[in-house]
Every structure is written in C-alpha cells, then in structure tokens.
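Since the structure of chain A is provided, determine the placement of chains B, C and D on it from the hints.
Chains as they are written, first to last, in the numbering used here: chain A, 405 to 728; chain B, 405 to 728; chain C, 405 to 728; chain D, 405 to 728.
In short, the hints are calculated from the structure, not lab data. Accuracy of the hints is not assured; some may be wrong.
Given that identical chains are not distinguished, each listed pair holds provided it fits within a single copy or across any two copies.
Below, in silico cross-link-like pairs of lysine-lysine (DSSO-like), each with a Cα-Cα straight-line distance of 30 Å or less [unchecked claim]: (1) K719 x K503; (2) K659 x K719; (3) K543 x K659; (4) K460 x K442; (5) K442 x K719; (6) K543 x K503.
Predicted model only: the values in this text are computed from it and were never measured.
Protein chains: 4
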Amino acid sequence: MQIGVVGLGRMGANIVRRLTRAGHSCVVFDADAATTAKLAAEGAEGASSLADLCGKLAAPRTVWVMLPAGQVTETAIAAIAGHLAAGDTVIDGGNTFWKDDIRRSKALAERGLTYLDVGTSGGVWGLERGYCLMIGGDKATVERLDPIFRALAPGRGDIPETRHREGRASTAEEGYLHCGPSGAGHYVKMIHNGIEYGMMQAFAEGFDILRNAASPRLSEEERLTLDVAEVAEVWRRGSVVTSWLLDLTAEALAKDPALAEFSGHVSDSGEGRWTVEAAIEQATPAEVLTSALYTRFRSRQDHTFAEKVLSAMRKGFGGHQESK
Amino acid sequence: MQIGVVGLGRMGANIVRRLTRAGHSCVVFDADAATTAKLAAEGAEGASSLADLCGKLAAPRTVWVMLPAGQVTETAIAAIAGHLAAGDTVIDGGNTFWKDDIRRSKALAERGLTYLDVGTSGGVWGLERGYCLMIGGDKATVERLDPIFRALAPGRGDIPETRHREGRASTAEEGYLHCGPSGAGHYVKMIHNGIEYGMMQAFAEGFDILRNAASPRLSEEERLTLDVAEVAEVWRRGSVVTSWLLDLTAEALAKDPALAEFSGHVSDSGEGRWTVEAAIEQATPAEVLTSALYTRFRSRQDHTFAEKVLSAMRKGFGGHQESK
Amino acid sequence: MQIGVVGLGRMGANIVRRLTRAGHSCVVFDADAATTAKLAAEGAEGASSLADLCGKLAAPRTVWVMLPAGQVTETAIAAIAGHLAAGDTVIDGGNTFWKDDIRRSKALAERGLTYLDVGTSGGVWGLERGYCLMIGGDKATVERLDPIFRALAPGRGDIPETRHREGRASTAEEGYLHCGPSGAGHYVKMIHNGIEYGMMQAFAEGFDILRNAASPRLSEEERLTLDVAEVAEVWRRGSVVTSWLLDLTAEALAKDPALAEFSGHVSDSGEGRWTVEAAIEQATPAEVLTSALYTRFRSRQDHTFAEKVLSAMRKGFGGHQESK
Amino acid sequence: MQIGVVGLGRMGANIVRRLTRAGHSCVVFDADAATTAKLAAEGAEGASSLADLCGKLAAPRTVWVMLPAGQVTETAIAAIAGHLAAGDTVIDGGNTFWKDDIRRSKALAERGLTYLDVGTSGGVWGLERGYCLMIGGDKATVERLDPIFRALAPGRGDIPETRHREGRASTAEEGYLHCGPSGAGHYVKMIHNGIEYGMMQAFAEGFDILRNAASPRLSEEERLTLDVAEVAEVWRRGSVVTSWLLDLTAEALAKDPALAEFSGHVSDSGEGRWTVEAAIEQATPAEVLTSALYTRFRSRQDHTFAEKVLSAMRKGFGGHQESK
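Just chain A, same shape as in the assembly (with noise of 0.2 Å):
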C-alpha cells in the first residue's frame, strides 16, 4: 500500500523503515531536508515539501503526520489538507490531546476528509518489536488501512494467548485495535501512559526503599545493604512484577546500580497530566497516576515555595530553625 509519512524523527522514521520492510511504498517528508534524503536513501520515496508529498501519493491518499503535538502538529494537518481531496484521509501518529482530535475529526469531515487519531507505542524499540497501535476514527477507513496497521504492530509473537477470548474475533491480538469514534484512539493512549507513570513510580520508590534500607538513619542492626541490581534482575522470572519496565530498569541497575549518570530531573509529556484532568472530569480517583505525576513536578525544582511556607509557619510557632 502507499502511504505518505511526515516528519521523520525517531518515531517517524522507524515507521517509515517498518512499512518499507513489510513491502509497502511510502512518500517521506521532513522539514530537514538531509533527514528525508536519509530515509529517501533507505528506499522510501523523498518529498520536497507537503504540496509534493501529497502530490505523489494516488487517490485516495493516506497521510501519516508523526510530529510533536501541540502546534507543530495543528499547523502541518492544516496544511496537509490544504492539499488532499474528498475521500482523503490524515493520521494523527503523534500524542496529541484526545479533544483535538474530535475538533480537527470534525473540521476536516466538512471537506470530505477522514480523519485517524492513532496513539502509537513502542518508543525506540518499535522498529524491532513493533508499534503498540490504538486508533480512533471512521471504521471504513480503519479497515482500508488495515495493511498499514498490521504491519506496523507487533503482530502475535510468542505471546500467550489470553483465556477466555474464544469468540472475539479482533486485531487486539496483533497489537493494533480500533478504540471507537475520533479522539479514542489518543484517549486510549493517554490512559496507556498515565498507567505507565503509574507503574514506573511503584518502581521507583520501590528502588529508592531497598537501596535506603542500608541508611546510616537506621540502627546498625536494622541496617541491610542490598544489590539493587540483582534484585530487578531476580524478579524478573516467576515473580509478580515481571514487565518490561522491570526489564528495562534491570538492565539499567546492571550497568550502574547507582544510575550516576541520571540526576533524577524527570521530564513529563502531557499524557499524564491530561489523565489526571480527565479523572476530575468523571470525578474518578485517582490517587496513584497523580502522585506520579507530582513527583516529576517536584523532581524538576530545588525546592518548591511551599517548602518555604512550612519552614516559615514552624519558625513562627514554634521558633524552629532550618537545619543544613
């Protein structure tokens, strides 16, 4: 099948290579000319600009927007439909706020447009072991697309089958499903990501309590110096928190169980604040995905103002000086 693909970065370009494999043609843009000349190199089909790519492509045509969302990605769809017909159709690869995607659904099917939102995991590891894919949009055109999906998703693999899914005829099982209607796909996404700060935090201060459990704070009788690294790595077959997380943190603590290369300044993506205001919308708890959220907050400042109006009202009542 052909496919057009904009904007080549990491993501976008193991897309491309993924398709390529699996025998589909794509036409590549990137506002970096060298980059497209790159994947142009590889095999795909280089595009000087949006008006060329979509040029190139036969009717109807498919366009894959992978770029950073917000604004960047809000300016190139507008562009990119400037020059698709009726019966055309954009996907949204990127992570992009579910609510966008119902707008843009709506604007563009004015025009005779179809629009895709596909929430796409697999990070870099995705050319290898293939994209996690979760769509939303016009389930005609889902199914169109079928061939793109299935080649970009993981596919079965040695993964075993889950009980009690006789009867369920789905592609959930090749690693690709269609979610529902327009923002569904990035809804889903966004949870996926909001479970992933979840879990990366129960991790984290998991780590951070055996590794303390040898802090000089606590009696030298109750004190307890453990390998971090052998722990992950000891959890990794028959226990209960064996995932990929755990492997990849494995691997991490076993090239340096002190992480000295990190300095813990931890960066958030909008995925999991956007889970936390979708809970207060449906006024669902959600205790865990927002504490993982807040210690990122909290990761990236010496100290908050807060810290400081506590250490204000203890001077205050009870003549408390800070300590260090």
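Same frame as chain A, but now just chains B, C and D:
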C-alpha cells in the same frame, strides 16, 4: 536432597510437588492429617507430628515452614527447633516481617541452628511457572541448599538476557537470589509486594478512567464507550505497560468486562503496611505505594468517619445538606 | 450607594440585608417573585424583571449577580448587559471559573461595560460575620465601589494586627482586597477553597484516627477510647490547629460525637477541581489539595471499578477470594 | 503548689515562668548549670542534681520532665524515679511515643509511682498564650494536679463558647483535658501534630499555586501576578480558612513575600510519622496526613534515587535524555 515441609496449604503443597518432580525427597506434615495423607499419596513421605517429621530427616536436617505469617509460624518454628540439633536449618518461606527474622535467627543461632528467610513469590502459578525466591541468611547454608532453590525457581526460561550483566555470576537469572543476611529475603519480598500494590493500583485507576469515559456526567460529545477487555489485550504487545499483571487483567476482563463477580472489597496482607513503615523509618517518600495501600483500606468500609466530619463541616459553614 | 442585586438565594439575600443595614439602597430581582417580594418587604426595592431592575438604577449602574456558577450566571449576565450602557458595571459574586471572567470581561469591555469578579466567602455566617471579598477587575471601578465592599466585609473586628504590615496601606485588614485584573478575584477564591478542602481533610483524617484508636482491630492493651468532642474543644485554645473549621467541628461533635445524621456522601463544588487543574497547568505539585478532592469523589461511590480490578488481579495471581 | 521541673529549654523555662507567675513554686534543674541559675534568678528554686531536686520537694512529689523525646527522656525518668517514693508522680511533658508511655506507666506503677503523659502544645507562644494540655494517666492524680494544669492552660479567654456543649462539665474549655489512661495524652497530641502537618501543607500548596500563577510556563493572557502577603491578610477575616497558622503565614509573608530567608528544608519531629503508623495499624486511610509527611522527607533531598530510576526507565524505553 531430603527436606521436611511443614504446612501443606496451596503454597506448601505445590512446593512439595515441584520438589518431588525435580527428584528431591520430601517429608511432609500438616496439622490436617488428611492433607498430609494426600501429599503422601502423591509421593512424599508423610509425618504424623513435627517430632516425627524431624525424626525422619537425616542430619543436617532442613525444615521448610510454609504457614501463615504471625503467631502460627512463630509457634511452629519454636516447636520444630525443639526437635532439631546444631547444624540443622529452619526455612521460613512465608510472609514474615523481616525484623522477626533477625530476632529469630539470633535466637536459633544460640542453639547452633541456622535460620533462612525465603520470600516466595508465585502464588497459584508457582507449580507450573516456578517460584521467585528471595533468600536471607547464612551464605554457606544457602549454598548447601542450592539444589532445593534451583528446583523451585523458574529457571532462565525464554526470558531474554539482560544487557550489561556480563561478568555477573549470579543465580538471579535462574529466579532465586541470596539477598543478604537474615531478614534480607523477606525485606526484598516485602518491597516486591509493595511495588505489586502500586502497579496494581496504577492499572486499576487507568481502567477505571477508561470505563468512566462513558460516564453520563460528561457532555455527550466528549463521551467515549471503550471496550476495556480489548484495550487490555492490545496493550499486551508492544506497549510500555506489558506485564504479567496486565495479562491477568486482560484475562479477567475477557471473562467479564464488568467484573460483576467482584464487589471491590480488597484485602491487604501486611507486606504493603510494612513497606510503608520501612519507608517512613528511612524518611523515603513513597506516595504511590502508600496510596495503593490506603485505597484498599477505604475499599473495605461503607464510609469513613472522616467523610462524616467533612459533611458536618460543610453543613456548619455553608448550610450544605448532604445530597443523596 | 445604589446597587442592583440579582439572585436572592441564601447568599444573595444576606448580601442585600447587610448592604441595606449599612445604609445602601438595593434594587433586587429573583426569578422567584415571592423571594423578590420578601426582600422588598425587608426594605429593598423589588424589580419585576432584569430590565425593570436596570431601569430603576441611576447611571453609572452597578449590578451584583449572585447565582450558581455556570450557565445560569452566563445567561443572566448576557441578559443584564443588554440592559446596561457604557460606564455601567456588572459584578459576578458567584463561584465562577476564573478563565470565564477573563473572557467575559473582554466581551463586556467591547461595549464599554466593566466587569468585576468577586470571590465571596462567608457562607451562611456572612450576614453576621461579614464576607471576605476577593476582587478582580478594573482598579478605578473597584475604588468607586469601595463603600459597597467595605459594608459587606467583616472589618478589622478584634482580630489582632499582623506584625510587619507597617506601611502597607491596604483594605486587606478590613477583609476585602483588590487582587488584580479580571479573573484574579475568583482565582484567589478558588485557591481559598482548595486550601479549605485540604484543611478539612486534615481534620477529618485526624478525627478518624482518634475514633479508630478504639478499634477492635488493635490489641486490647493498645486500644484507647477517646472523646472526640472533648478533644476538639480542648484544641480550640492554645493549640497550633486553632481555626474556624475546628470551631465548627467542635460544635458538630458536641451535638453528636458519632455524627450519625451524616452518611459521609461529600459533594465538591468545582473550585477544588479547578485548583488541581491550575496546579497541573503550572506543574506545581499539590498532593494534599488533590487527595482531599479525590476523597470526596470516592465518598460518593459504593465501590470503584478500580477496586474490582484489584480483586480480579488478586484472584488471578493468588487465587484470593474476596472476603465479606 | 510545689512542682519540680527538669529540662529548662525553650519550653521548660517558659513552663516554669508561667507556673511561677501563677503563684506556684518550682524547683528546677537543667543539665546546664547556667540555665538552672538563670531560672533561679527569676524566682524558681535551683537544684544541682536530680537527687537534689527530688530532695527539695515535699511528698507527694511531682516532677515535670520537659526533655527531647527518646533516650534522653527515658534515661532521665529512670533516674528521677530512683529518687522518688510511692505516691509520687512523674509527668512527661515532651513529645513521647504513646506506646512508651504505656510501658513506662506500668513499670513505674510497680513501684507505686504514678506517671502522667502530657502533650503540650503552644511552642514559643505558650508563655503568653498558654499551653494546650492533653493529659493521659491516673484520674485522681490528674485531679490533684488540677491547679498546675489550670495555670499552664490558656483559659477561656475571649474565644466564644461552642454551641451544644451545655451540660458538659469539662476543663476542655479552659484548654486542658484528661484524655484517658496512660498514653492517651500523647496520642491526642500526636494526632494534633498530624493534623497540623496536613493543615500546613494545605496552606503551603495553596500559596505555591498562587505564586506560580505568574509562571512564565503559562500563556501571557492567563498569567496573574498576585500579592501573596495581601491575600494571606484578607483571608484572616470572614473566610473559611481563618486559623492561627494563617495568621503566622500572613506575618511571615508580610515580612518578606519571597520568604528568601528560608531554603525549604523542612524537618519532621516524629509525631507525623507515628500518626501515619497509627493510621496503618488501624487500617484508616490517611492520604493527606501522609502526603504532608512525605513532602517534608522530599524537601530534605536534592533528588531521590526514585527519580533517577524514572530517568533511567525513560531513557530505556524512549531514548529520552534528561533535560537541564
């Protein structure tokens, strides 16, 4: 190798079976004679009392105690120790509080007995999948009993090797680990369970938000009906949250996406509490692990007194009547 | 001074009364004619419609809107504005979302109207105690309406002066404050309510623990039966937690230490949610304010789906059946 | 009445002064002779040792110990008890763990001595404002020492009476309370401090958000510059959050709205930790009190190991480099 096993519940019985299959010879005892007889019928040697069990073992004797943590285990170990002699070993494979291990280990050492604490993860799946074993206590004894641990552990299986582990000679890759001195095994198991609580809660909140995306509280155009069973399945391949807990969730949701057989009354076993206490003793913040615990506390009450206090205050300052 | 007041619920009616007592003259309107008549009987000038109300005011007109936040207020303000002319002022004294204030203020400014947002705290006690007013909008207008705000505010009373405030000429000591441009008044009120939620929850949890000190879950020798009403009272003098919320709690507990008239179904008004959203937009960690909100969400459900997911997982890996 | 006071730090010295002013006669001792001499110069009777102090008291003797909780207090009480006889009383006015009170009380009772645990709130303001006293132990002894407690407590002052307390004959209105048997005084004080942590954190987060309303992270049109000192002041009258902690915050912010003298390194005293442990033992959820504690833990570290683990995972699955 010969080993005594005391306590033939779900875990103890399967430990005997897995050891027997691996060619070890087990002398077994349970307070319920019928249970002892059942395991004897499967190839173990039954004992009629703790004294009888100890008498049937050749020195140096090893007795694996697999009983509910707390007084039951405490009493059993004291009784068993009375039938053992210098050079013999008692293993506590239950979920004992790690400070109790340190105390017991010292007490038994005075009589020449060795005590190992073995955190055992694997639940009902251990017989088939193997048990992840986290071991604390005397190094020489752990090495002597290596065949036992190796037989119980999952082994390498088809789990890929962790990068950067070159040169680390360790049993961790087999799924068992000597974590450190007495208490270290149950300490690591305790943290394992703490992390487990946090991961579970992360998934639980995420699926709660997914389900509530169709809440009538939301405006109709922002409402999404999502198939939680399909979402759980699609995440099993290629996503960042792939894990055994996700596999189990996918199975439960495939069986019934409404989980109607469950009320939502969630127990906690003690390990989650000890994890939080350990964090507090070290002054390690553990927001997520703690929230996961509190959610369980809350799940077991209709309402808290705290909630009544809130309602009383709201009536006090604003004249607000409770709705519903 | 003359002022129109629209919306004569608990808050609106008392505002009219407090203004009238201070010698101001109020023209009043409520959708319920009987309510309008009641206030008219107490000395206000009744109006039969928004048009009538605006017609009875001399330019420059000021209309204080005291309606439930949301669509009701939105619609009323639009209607009122249609009856006003350049130089007139609309005050929104309700709990409006601060970004709506910014939007409305701009829209009204295009027609020469001034818009003030006034966060109003005081609840059912305001008539007697005065209202704490947090005001956003045009400085000159705020100054012109100073007699109104001064009449509504509590005044200095017998509250001791704050040290270090020498040289700060401000109405803050009188209990009203021009906080900044449009939106600033409701922003400050929003944070006030966020803090209120957090303080309430701190007391609620504390009294919950006090009450559960007699829990049969505890060993008999560590069980304490405490009189929560007496404890609340003793803290009212000399302790660090003295506060109006404690006074109200002491009163409620004196009436009935079991708070049996309350079920524990706790509403939230929107301000707590907006506070959390504001925190997230700024990347400010707000653990306590958020937990206080989530507790209320949880209080309104028998069980969450999250809790069922936890039970399902526990059954999955450990064969655990739900108790109860 | 005559009383011995051991430990003349900030709290102990002011207790002596307040008792002396009320006409009681104090025999005082501090490990630092100069400190003893200072109080002696102010009208107390100095003692040169614990033995000397006990010798100067007439039977039945009462010794108030005001030392840092922990080993110092433990040792002092044991030593003092050695100089006392049946019928005498030891009071621990420090921040002792309530289970230690139960233990000590039993031990002293075997020798005919009475032990009272008195949680003492008031900090540096107690001399002037009076101390809120939460008392545990033998009822008859508490009644005998009523003049002492009455002198130290704030008294009714101008704090309005609580409705619904008709018929409750109690010293709670005077600011002191016999809470229950041994341990009850410190238990109530512990919860008081737990609540204090939660309230402080609620204010701290609220002011943090107020200050960050001007954050450059926000779009220019949604940015608000708010004067936190004025906001704190305006809330002191008529708002729901009026409280002594707000008064202290208003004072600190009036002095310097940036709180530049503070770094934000916040200590915790032990009572917050015990509160959380008490909650966990009872299975009472205590989200807010716990988060308030963890915030302090976090404030004392540059980064946690947990944060490094997060960064390591993010690099592992997404190739993300830490920014900054």
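Comparing the hints with the structure gives:
| no. | hint | verdict |
| --- | --- | --- |
| 1 | K719 x K503 | between (47 Å within a copy, 29 Å between copies) |
| 2 | K659 x K719 | between (45 Å within a copy, 13 Å between copies) |
| 3 | K543 x K659 | between (46 Å within a copy, 25 Å between copies) |
| 4 | K460 x K442 | within (18 Å within a copy, 74 Å between copies) |
| 5 | K442 x K719 | between (62 Å within a copy, 24 Å between copies) |
| 6 | K543 x K503 | within (19 Å within a copy, 37 Å between copies) |
The earlier numbered hints are all upheld by this structure, with none contradicted.
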